[in-house]
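*Asks:* The primary structure of each chain is shown beneath.
Number of protein chains: 2
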Amino acid sequence: MPQGFRAGGLHCGLKKTSRFDLGVIVCEVPAQAAGVYTLNAFQAAPLHVTRESVAVEGKLQVMLVNSGNANACTGKQGDQDARGMRAAAAEAFGVAEHLVGVTSTGVIGELLPMPKVLGGIEKLPQQVKADGGEDFCQAILTTDLVQKMTCVQLTVGGKTVHIAGSAKGSGMIHPNMATMLGFMTTDAKIESAQLQKLLNGVTDSTFNMITVDGDTSTNDMVIVMASGLAGNDESLTPEHPDWAAFEAGFRYVGEYLAKAIARDGEGATKLIEVSVTGAETQNAARAIAKTVIGSSLVKSACFGADANWGRIIAAVGRAGQPVNTETVDIRLGDISVLEQSRPIKFDEPQAAEYLKGELVVIHVNLNMGNEHATAWGCDLTYDYVRINAAYRT
Amino acid sequence: MPQGFRAGGLHCGLKKTSRFDLGVIVCEVPAQAAGVYTLNAFQAAPLHVTRESVAVEGKLQVMLVNSGNANACTGKQGDQDARGMRAAAAEAFGVAEHLVGVTSTGVIGELLPMPKVLGGIEKLPQQVKADGGEDFCQAILTTDLVQKMTCVQLTVGGKTVHIAGSAKGSGMIHPNMATMLGFMTTDAKIESAQLQKLLNGVTDSTFNMITVDGDTSTNDMVIVMASGLAGNDESLTPEHPDWAAFEAGFRYVGEYLAKAIARDGEGATKLIEVSVTGAETQNAARAIAKTVIGSSLVKSACFGADANWGRIIAAVGRAGQPVNTETVDIRLGDISVLEQSRPIKFDEPQAAEYLKGELVVIHVNLNMGNEHATAWGCDLTYDYVRINAAYRT
Numbered sequence: 001m002p003q004g005f006r007a008g009g010l011h012c013g014l015k016k017t018s019r020f021d022l023g024v025i026v027c028e029v030p031a032q033a034a035g036v037y038t039l040n041a042f043q044a045a046p047l048h049v050t051r052e053s054v055a056v057e058g059k060l061q062v063m064l065v066n067s068g069n070a071n072a073c074t075g076k077q078g079d080q081d082a083r084g085m086r087a088a089a090a091e092a093f094g095v096a097e098h099l100v101g102v103t104s105t106g107v108i109g110e111l112l113p114m115p116k117v118l119g120g121i122e123k124l125p126q127q128v129k130a131d132g133g134e135d136f137c138q139a140i141l142t143t144d145l146v147q148k149m150t151c152v153q154l155t156v157g158g159k160t161v162h163i164a165g166s167a168k169g170s171g172m173i174h175p176n177m178a179t180m181l182g183f184m185t186t187d188a189k190i191e192s193a194q195l196q197k198l199l200n201g202v203t204d205s206t207f208n209m210i211t212v213d214g215d216t217s218t219n220d221m222v223i224v225m226a227s228g229l230a231g232n233d234e235s236l237t238p239e240h241p242d243w244a245a246f247e248a249g250f251r252y253v254g255e256y257l258a259k260a261i262a263r264d265g266e267g268a269t270k271l272i273e274v275s276v277t278g279a280e281t282q283n284a285a286r287a288i289a290k291t292v293i294g295s296s297l298v299k300s301a302c303f304g305a306d307a308n309w310g311r312i313i314a315a316v317g318r319a320g321q322p323v324n325t326e327t328v329d330i331r332l333g334d335i336s337v338l339e340q341s342r343p344i345k346f347d348e349p350q351a352a353e354y355l356k357g358e359l360v361v362i363h364v365n366l367n368m369g370n371e372h373a374t375a376w377g378c379d380l381t382y383d384y385v386r387i388n389a390a391y392r393t
Numbered sequence: 001m002p003q004g005f006r007a008g009g010l011h012c013g014l015k016k017t018s019r020f021d022l023g024v025i026v027c028e029v030p031a032q033a034a035g036v037y038t039l040n041a042f043q044a045a046p047l048h049v050t051r052e053s054v055a056v057e058g059k060l061q062v063m064l065v066n067s068g069n070a071n072a073c074t075g076k077q078g079d080q081d082a083r084g085m086r087a088a089a090a091e092a093f094g095v096a097e098h099l100v101g102v103t104s105t106g107v108i109g110e111l112l113p114m115p116k117v118l119g120g121i122e123k124l125p126q127q128v129k130a131d132g133g134e135d136f137c138q139a140i141l142t143t144d145l146v147q148k149m150t151c152v153q154l155t156v157g158g159k160t161v162h163i164a165g166s167a168k169g170s171g172m173i174h175p176n177m178a179t180m181l182g183f184m185t186t187d188a189k190i191e192s193a194q195l196q197k198l199l200n201g202v203t204d205s206t207f208n209m210i211t212v213d214g215d216t217s218t219n220d221m222v223i224v225m226a227s228g229l230a231g232n233d234e235s236l237t238p239e240h241p242d243w244a245a246f247e248a249g250f251r252y253v254g255e256y257l258a259k260a261i262a263r264d265g266e267g268a269t270k271l272i273e274v275s276v277t278g279a280e281t282q283n284a285a286r287a288i289a290k291t292v293i294g295s296s297l298v299k300s301a302c303f304g305a306d307a308n309w310g311r312i313i314a315a316v317g318r319a320g321q322p323v324n325t326e327t328v329d330i331r332l333g334d335i336s337v338l339e340q341s342r343p344i345k346f347d348e349p350q351a352a353e354y355l356k357g358e359l360v361v362i363h364v365n366l367n368m369g370n371e372h373a374t375a376w377g378c379d380l381t382y383d384y385v386r387i388n389a390a391y392r393t
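Sequence lines, in order, name chains R and W. Position one of the first sequence corresponds to residue 1 (this note's numbering), numbered consecutively onward. Position one of the second sequence corresponds to residue 1 (this note's numbering), numbered consecutively onward.
Isolated chain R, as found in the complex:
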């Protein structure tokens, strides 16, 4: 964990199992903070509250999260409950209210059982520890199968700096501005405004480039906290000689978490990566990559290990972007299936074998320009249907 951060989790009774459902990240000092939030019109109550907190002085010291209940579409009571969580956490950890962020994930439209939540918050300070990252990660999961966390280390101004991150995902994943829940921490010294710019840019090419099912959640949020305790003297800005390294580390953590969410999509058996090159604009590359990764037919074909490239090109063609219909190349891993928009004879059993793997990379070269983008997703399986036919009941 980056210096200055501790974390923890416990079971307060929101989940039916005994898995943790309440987690917290705590910083020794008020950390510089930045956040990105869902563009869904029905933004959940805790997002408003967190946004309000960060707005006061660009800082957060305590980040509280519960799973099992999204506190979304819960009206005035939901707003009061999110504020109640914030006040209780401020008291439990002895910090000002505006230094507390709160977020929730789970079922939409049900009121939080506040006695359980408040009881949990009271006990939370005793559960917080330097190696509490795994407990925190367990506490934020819903239908996720695996915990998603990573940490990188680099040198800034001669000092060792860490950037860590954790995330939850699984379903209702088609982020717009942010993803389900992502938490990043660093001990680098960097101002909130700069951190926000960095987060915006990285989010666009990582969290915003994944999809599980095309559904944008009401609760998407990525929060970054920077303790500044690494000891790098100057605050980081793009003019700093080590900025490029810091940005690369930050992007690595974002991309790692985004891919981890996609790989652990509901019912998924594999990670699919769609790499679009040769586009005229960055926007076109992104739109096409996201259209292909979001296609139910492409996803089903990957599940069935069927090298059905016709579905890939149909998705390329419906992305609403300029495409030269005579110049498209498509490869599945190293296997070329389409060159200059003409079918190539390929070894079907070899292609099927490749598609059976845990990682499928679909390369689409438009041969029109120099822009590129990558998107990540997963296959569409029986288990996705099973999980979502009875998520709530």
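To be clear, the hints were calculated from the coordinates, so they are not data collected in a lab. A hint or two may mislead.
All copies of an identical chain are treated as equivalent in the list; a pair is satisfied when it fits inside any one copy or across any two copies.
[As the list claims (entries may be wrong)] When the alpha-carbon atoms are kept at most 30 Å apart in a straight line, the in silico DSSO-like pairs for lysine-lysine are as follows: (1) Lys129 x Lys15; (2) Lys59 x Lys356; (3) Lys116 x Lys59; (4) Lys345 x Lys16; (5) Lys159 x Lys59.
All of these numbers come straight from a predicted model, not from anything done at the bench.
Start from chain R and add chain W according to the hints.
*Replies:* Using the frame of chain R, we list chain W on its own:
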């Protein structure tokens, strides 16, 4: 069948089973024609050829269709093959080439086995008969389970007029400008240009309002042919006293076919109808209806008979349209689950019982204005995954 039309079908060897795979609609006289075509950038070869035919004098006399092979992404050879089909049909039926339209549906990216197709076209004239509609319908199906056809009768200028239609759908259904394959015929007297305007308007509120899987095909097309043999003297225009009746009949046929395609979506167990009212604009109503009907999570919940309205409101919120987050009502059939954006206590077993039915109607009232729209789709099931995990192999 409207006066002047005959139809037929046969098996020429494109499908592995013995089901018909080549069909034709023939008119006694050159019929006034209109068409709408997919906006997918990779428009299939036969669509170009049909467009070219209609462009010559706004007429078609023979409409040829094959299933089992889409003749899409097949390059110059595909274009030659589509022209070869047109030339062969012109010869077999003794009409000028530009009076022949051709279309194809099936696997993308494989060349048509032309000897089989040409052999079939040669035998086709003997299969054509006044009651050949069912044979034609069988010939256009791929993964469809049921044939889709209807006919209405109305009075125009004192004469009995018929409007008939047939369609195929099932997968890769998310039409943009047109749907998979739709064929409409009428014996009304109406000019091609007027027919085209009518078709555009009706398509926007029928064929363009359905989705099975969000994937827009390369081969979508709806073609209308009007024989003019009903005997109505004046050509129909919006100024004609019976225009409203004709338009309503035309719309009824379009909507009937659109709903039939949605109900018979790949793996579907039920038809889902999403009705959005109280929108500020028609565009907003349509966009929201299509977003809800396209949500994999909403579709899975309907399959599982789970009254998970949180997914419905999340989809409403991500449609990119203005929404007042305080005023939304949602009903499942007659069961109110959300009023003024606040959850209503409802009878869960009753709601589950309703959702188990073959038709689920989701009502969303935005309470912002007077515009409305309806979209149709189907549930997402194990069978959708099964069918699409191994469509081609």
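*Asks:* Now tell me if each hint is right for this structure.
*Replies:* Hint-by-hint comparison with the structure:
1. Taking CA atoms no more than 30 Å apart as the test, Lys129 paired with Lys15 passes inside one copy only; the shortest distance there is 23 Å, against 65 Å between copies.
2. Taking CA atoms no more than 30 Å apart as the test, Lys59 paired with Lys356 passes in neither setting, with 46 Å inside one copy and 50 Å between copies.
3. Taking the shortest Cα distances, Lys116 and Lys59 sit within 30 Å of each other inside one copy (28 Å), while across copies they are farther apart (72 Å).
4. Within a single copy, Lys345 and Lys16 get their C-alpha atoms only as close as 53 Å, which misses the 30 Å cut-off; across copies the closest is 22 Å, which meets it.
5. For a Cα distance limit of 30 Å, the shortest separation of Lys159 from Lys59 inside one copy, 23 Å, qualifies, whereas the shortest one across copies, 78 Å, does not.
The structure fails to meet hint 2 from the earlier list, while all remaining hints are met.
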